[in-house]
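Participant: What follows is the residue order along each chain.
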Amino acid sequence: MNLPIEAYLVVSTLLFFIGVFGFIARKNLIGILMSVELILNAVNINFVVFNRFLYPNELEGMIYSLFVIVVAAAESAVAIAIIINVYRKLKNISVESIESLRN
Amino acid sequence: MDFDFIDYLTGQNIMFVVLSAIVLGCGLMSVLSTKILRAATYLFFTLFGIAGLYLLMNYEFLAAVQLSVYAGAVVVLLIFAIFLVKNLGHETEKVSCSKKGIAALASVLGIVMTLVIVFNEGIVPAVVGPTAPQVDMQLIGDTLLGSGKHQYLLIFEASSVLLLACIIGAIVVATKSKEEK
Amino acid sequence: MDYSQFLSMSHEISLVSLLIILLLADLVMGKKKSGFQACAIGLFAIHTVLGFTCFGESAGNAFADMYQSSDLHVLIKNILNIGTCIVLLMSYAWNEKENKEYVGEFYFLTLSTLLGMYFMISSGDFLFFYIGLELASIPMAALVAFDKKSKESAEAAAKYILTAAFSSGVMLFGISLIYGTCGSLYFDEVAYKFASATPLMVLAFVCFIAGLGFKISLVPFHFWTADTYQGAPTSITAYLSVISKGAAVFTCMAILFKAFPSSTEVWQTVLWIIIVLTIVVGNLFAMRQENIKRFFAYSSVSQAGYIMLGVIAGNEVGVSTTIFYILIYMFTNLAAFGVISIIERQAGKLNISDYNGLYSTNPKLAVMMMLALFSLGGIPPFAGMFSKFFIFVGLFKSGMIGLLFIALINTVVSLYYYLLIVKAMFIKENEKPIAKIESDKTTICAVVICTIAVIAIGFISPIYHYIESVSSALN
Amino acid sequence: MDTVKLLAPIVLALPFLMFFVLGLLGNKMKPNVAGILGTCGLSIVAIVSYFIAISYFWGFGRVGEEYSQEILFNLDWLKMSETLPGLTIKIGFLLDPISAMMLVVISTVSLMVHIYSMGYMHGEEGFQRYYAVLSLFTFAMMGLVIATNIFQMYIFWELVGVSSFLLISFYFIKPSAVAAAKKAFIVTRFADMFFLIGILILSYYTETFQFLDLTAVSGDHATLVHDRMCGEEFFGFLPAISTAMFLIFLGGAGKSAMFPFHIWLPDAMEGPTPASALIHAATMVVAGVFLVARMFPVYFFEAADVLTLIGYIGAFTSLFAAVIACVQTDIKRVLAFSTISQIAYMFVALGVSGYTSEHEACLGYTSSMWHLFTHAMFKACLFMGAGCIIHAVHSNEMSAMGNLAKKHMTITHITFLVSCLAIAGIPPFSGFFSKDEILVAAANKDTVLYVCQAFVAGLTAFYMFRLYFRIFWWNENESYKHHAPHEAPKNMTVPLIVLSIFTCFMWIEKFFPFFPDKITADRKTLDLEFDSVIAGASVLVALVGIGLAYWLYKEKNDKPDAIASKVKCLYISASHRFYIDEIYLFVTRNIIFGGICKAIAWFDRHVIDGFMDMLGWTARESASGIRDVQSGNLQKYALGYILGVIIIAFFVFCSL
Amino acid sequence: MSNLLFLSLFVAVPLVMMVILFLLPSDNKKAIRYTMAGGAAVILALAGYLTVDFLGEYNPENPDQFLFTDSAEWYSGALNIHYSVGVDGVSVAMILLSAIVVITGVFASWSIEEKTKEYFLWFLMLSIGVFGFFISIDLFTMFLFYEVALIPMYLLIGLWGSGNKEYAAMKLTLMLMGGSAFLMLGIFGIYHYSAPQGQDLTFNIIEIAKNHSMDIEEQRLFFPLTFVGFGVLGAMFPFHTWSPDGHASAPTAVSMLHAGVLMKLGGYGCFRVAMTLMPDACKEQAWIFIVLTGISVVYGAFSACVQNDLKYINAYSSVSHCGLVLFALLMMNQEAMTGAVLQMLSHGLMTALFFALIGMIYGQTHTRDIRELGGLMQVMPYLCVCYVIAGLASLGLPGLSGFVAEMKIFVGSFKHADTFHRFFVIAGCTSIVITAVYILRVVGKILFGPLYKVDKIQDTYFYVSEHNGEVHHNKLRDAVWFEKVATIGLIVSIAAIGLCPGWISNMIAGSLKFVNELFK
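For the protein sequence lines, the chains are A, B, C, D and E, in the order given. First residue of the first sequence: 1, per this note's numbering; consecutive thereafter. First residue of the second sequence: 104, per this note's numbering; consecutive thereafter. First residue of the third sequence: 285, per this note's numbering; consecutive thereafter. First residue of the fourth sequence: 760, per this note's numbering; consecutive thereafter. First residue of the fifth sequence: 1416, per this note's numbering; consecutive thereafter.
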């Protein structure tokens, strides 16, 4: 007997919120970026699971995941570029170092 | 409904549990570890585990992409970045408990709410289980390059622009300006 | 396979060709790049004109409804084109002076985000929408970081890209749940299935709106706005506050109408809360700002709330008034940002207190700024009043009198802080006012165009009539 | 009749024109030119008035048994209502016995004052302005008495008020004059408010302002008022007619300085003396009496209770004022209180009057009008005489006078004496006849009132002769050494003589044949009978008063002070006018200004405005308060974001 | 000439003047002033012509209350906005008033030296708003012009004002805009229910009144909103507090225009929009507003009694008088409403006169504190006589305009025989006494009495003031020619209405015939 779909969703949900936790709790920007990757992966699991379990006739979910991976890669590239830029300006990439714009 | 534990003790399910444990455990370690390089390593394992889940669901192509793009490219990129930033690899993060607490609280709230909703929703699974037949590569190719319903030529083209723009953007941002040189 | 379908995407094709031309030109022209900007702006202007003249005819859906187009889509793209054109004019001098090195990239990135907005606007399914959204966001982060000298620019970019990534993660979570419940990602099929609102759907919807709300900068998804607006180069701030926001609002509206037409109750409730928060919080924050760009960031947050009033109205008047509002808001805000960028470039001043006594030294700039502020505050006979009035009519039609009342009361608060700027410029005295400024021609040209539009649009009813006539496409 | 109709508008138009000419161009003229112009204008008005009055009484006025009420002209001024034509304010000319009589009174006194002022005001700054305001006053007073409708009366009523204000404040540099003017205006205005409300009530029911409609009598009722208002209630519990008529009376009481509105009149003496003579002695102050007389049928038939009340208020006021007059030291103040007292007499007369002329029932009415006439003459004379004296000694205070009889002020002395005798009620001077008839009327109706009024008659004789002796006898004042008193110039003495001629010979019917028998409530002729008992009694009382005054004030002595110290309490409170002014002052300054106004102003600034400011304050404070939410920390933003999602989703679940 | 063009001239002339002024160099103050005077004279002539024309065209039998109506489509389709114009007796009276106040305002601002051009540009914008409001019969354009008239106040006060001007300007603008927020909601309500189900909605007030398709339930909600919205501008208690501060800080001519004309927009709007379009709710809720306006009347008068700043006195007096306007309107019969309109006219003229005079006095003494002034009659007799006349008009002296208005109001109000109305009418009557009190207080204190803080040096008077230990001598003089023009213009108008009120009263009353039917 197969595990119900909810089991998969539990995994994705937990992973998603682990990512959220990381985003909020990590200290440096690369760590935060990693957390974003976790979030995106959680979403990907969702798409794939739904596709596989509920709507197996079309490949929508899978394709979506595919493109999310593509976009995530591009996004990380730009994000890393920006983080390096920040490092160059501020010699630091902790979150607290980018708090000068406020209120 | 009788719940028979044994019924669930299939190889498929065991694999799922193991992979899930890896994914979640490594994910958690990745966000909790105080050393950024370790976190990247855990992230790598997480992504690996997720690729395993894809395989488990017979999405080989996707698993491959996951491994090559994510585990292969993104994580490497991250590690490069970590090395580019001096001393970062050796620094330990000290995050205050209150910050963690609040983050945990928000996450737990979200988890509880989402799960409650998911379990109350009563999603009826389709007849097909997780072990559906493999996806034909031909089909994937058609899907990606077709222009009909459920075909994604347009997206394919659009994402090419996206990638180009992102590359250019990343280069512009990352290169030093004249003054800095 | 029918590649001729690409032909229905006239705007996109034209813009992609433009991008390629610019890329090549950038390569060919080498280091000197004199005339590159003129060429780019000229080409874009041609693109804009073409948008008005020829592109409308081929409008129609393509790729099995993944790409959707109608007169309305063409119109909103044209509006964005005009806005972008003005932003490019405004950034001309900045590029000449500060950004000689990467001017090609600047144009490429700006226009590729515009392309992303086209995609968003014309999307017929969530995937295409997502790609468009990211295409509009990620290069934008690079643009925000474009000011190489400024630490703030880097900070702003970091905040922007990370929040954007986070927000798109949340949005994707929502989309995945929508996919899970509806089994499709095409808007029309979602609309077909997304009928009864289960909690999961609500959650999915809220996550999705959060992602869009990030782009529109609705409270509580707005936090990046102020920091990014302040740190980004001024023309990019203008671009963000107007073009990006306008595109997102239209997309939001289109998706709500196309994908969730039968669950208006859900999204009206969600939007109700968000709009009230947006208007109130935007206003409260704007009251106490010292930096003018930051001030306009909050003002734009609050304005976003007003624009969304047309969306929440959910009726035909709502659609046309929203677009009308976007149009007018675009001109108004661009006029203001034009003045700000002139002053920033020539005098290097960005604090509101620096604007004290501006009228005595630079009366023309002060007056144009004032007109823009009055228009933002909804003071007749400037265009802003027309758009506000009309959008309220739409809202009233949908019966949300309570929301309307809150919005109306908040117009008073917003008037307060707009008048603060007017007060600074006209009434307050300054020992060292900003010296007389020689404005650069392109920027001043852009500002004058905007000012004329601000004065005139309200009186020229055919504009609204045209919008009204095409806006039935969404219903 | 046609000539009269033709001439009638002059009575109003000419003074009005004079006012404009003198007001606008006065400063460009020489003072004398302005004075002469004003006087000439008034002479014409006086001639026209006399002509109208004479041709009325002996000409067209007499129709059968009674005198007719003629409307000479009546122009629409303002329609109050499109649907009720009665509610139209008209400016017109109603000629009947009392208005004809008033024309004579006003034009006579006014002309005399005009002439007198040429001398008295000579050299004053603002001479032209003075004449302009006199013209305005004459215009207003004329308009008041010839009013065809109650609203016209009210209009001119207000105008006389303002001209009174302008004349009292003629010496506007003097703070006391300004204060007096303000007091006069505000007190009368306060009373006018009641008048207005009374008019409103009356016109609401009767739907007309016209006197002819309001006072039309048939049988035992004032028809219109009776039909429309009988049984109606105001505010649910007040009988409408009585309320309205009482309020209207209050208006009159204000102008005529009845208790408790009397406080303004003594202070009004701050104005130039001739103006006091005209306004605050002869004409304006009797407007209240005229008003009650004008509305008399309504009072008598429909509001008899109010009429009785009027009588008692009059009696009280006359006594009250007479007592105060006995102890005043400022000669104009004495005259002012005397005026109050005498006007109160007229009210008493009206209060005890009947309506028909049969059996002398309306004797009160007739005597009241007659007293109005005679009083106007001798009181004007007294005031002008006082003016001459003040002119001579440069002071209002008795202490600065004395023994003036020997100082060559013969004309002043004699005319003053004549007027004093008249007011004291010594035959054959005019005052005797009118006052005697009042006493007769009172005796016929109400013994209490009679006794009271007889006593007041004695008091009157006393204080008038106290004044007379104190001024003209007593002993020589030391200040004369520096500045010897002298007789006034001709243009001041001539009016005195003219007026005392009126006073002396009014009883000779051949000279002054039109009064009093022709002035009755029902406009029929009255056959007057002479009541020798009452006449004798009143003369006796007057003689006692004069004798007492002679005993006390013929020569300088200590008796007055001794008596005063014996009844110290009464003396002091009387000389403080029974502290009524202080009470008013307390009420206005402490309660209204200090209490109500200040409280409201405070409330406005702090509560109402404070609330508005607080709204702004709250917004700004909350803006400052939430600033830190935008902490600049990326992760807090994300936290806000995710919590926003969770909370909004949760909220939506709950609300759906 | 079509009606549309003719009535639009009232907006067009100021607009053209704005363009001319814009083109004139800002240092040529003379040309600017004469342009203004000429333009204002043209407007006055137009207003006069309009009045004559209206009286000629007006036919008492004609049931149409509006004349010269015309309309041009502006926003067609769902919004259905027209640029519609038309006038009735009430608006003609208001236009006439505005024209008079505008031209006298120009003369009263003659001496403005600082930023003359800008000043007059804003001044003209205000005039455009005012005239536009009175000629419009389309709710949208009315609202548009309404706000056009409001916003120039901010800069006029903020730039050319005195005292705590920034605060006052902001407060005034925000409160009035707050009012217009209410108003806007009301207008949406009216618009939304402007036509029976299935027909096109309209902003045209004539059509809305004709359709009368709003149910009582909706009226109950939107009537108070609209009434309060306009009531804020009409200085209705408790929304009047902008008035004292605003007026105190505003420059002379701005106070004149604001109290003289702008506040009338409030009363006019209450009548034209709130009451005639939602008569049923008006009848039902009138009592609430009668209480509030009744309080305004007495409260304003009492407050005025203890103020020490001349402008504050006048501002509170305006609260009282404008309260009386709204109060009379709420009596809902032809007589009282005619009185209300007359009161608007009268108050407009005499308050303008008051503010003009206060400005002229203040211009020389640099203080408006009545405790610091005294005996000015000797120094500047012309101005002081004018002040007395204004005061007399204010306290309702017959022969001046205030009397006519007040009497009509009281007679009309007395038609309501119930205790509630009676009580408030009588309370209203008391205000005529209190008015006398505060008017005479000022007259007695600053005009009459001995000279205070005034020195006479060689036939010239100087006002002596001490500021921060320094003694200042400000030269005092009587009115100069432009001040005389301004004051005489107003006094003549006040006296003209006061002496021959018949024609204008009939003109207004004729146009108000319908109210008796409407509020039956």
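Honestly, I wouldn't trust all of these hints.
As the list claims (entries may be wrong) - Now the stretches of chain B that chain C is said to cover, found in silico as 3 or more residues with beta-carbon under 8 Å:
#1 130 to 142
#2 249 to 261
What the hints assert, rightly or not - DEER-style ranges, computed between Cβ atoms:
#3 Lys1871(E) x Phe743(C): 44 to 52 Å
#4 Phe819(D) x Val1895(E): 24 to 32 Å
#5 Ile1342(D) x Thr1834(E): 38 to 46 Å
#6 Ile806(D) x Arg1786(E): 50 to 58 Å
#7 Gly686(C) x Ser171(B): 51 to 59 Å
#8 Asn635(C) x Val1895(E): 25 to 33 Å
#9 Lys279(B) x Val333(C): 57 to 65 Å
#10 Asp1320(D) x Arg1892(E): 49 to 57 Å
#11 Ala1487(E) x Val732(C): 23 to 31 Å
To be verified - Chain D is faced by these chain C residues, among others (derived, beta-carbon under 8 Å):
#12 Ala475
#13 Pro483
#14 Leu487
#15 Cys491
#16 Ala510
#17 Val554
What the hints contain is simulated information worked out from the structure, not anything from laboratory work. From the three backbone atoms N, C-alpha and C, an ideal C-beta is built for every residue, glycine too.
Participant: Hint numbers the structure violates, sorted upward?
Facilitator: The structure conflicts with hints 1, 3, 4, 5, 8, 9, 12, although it agrees with all the remaining ones.
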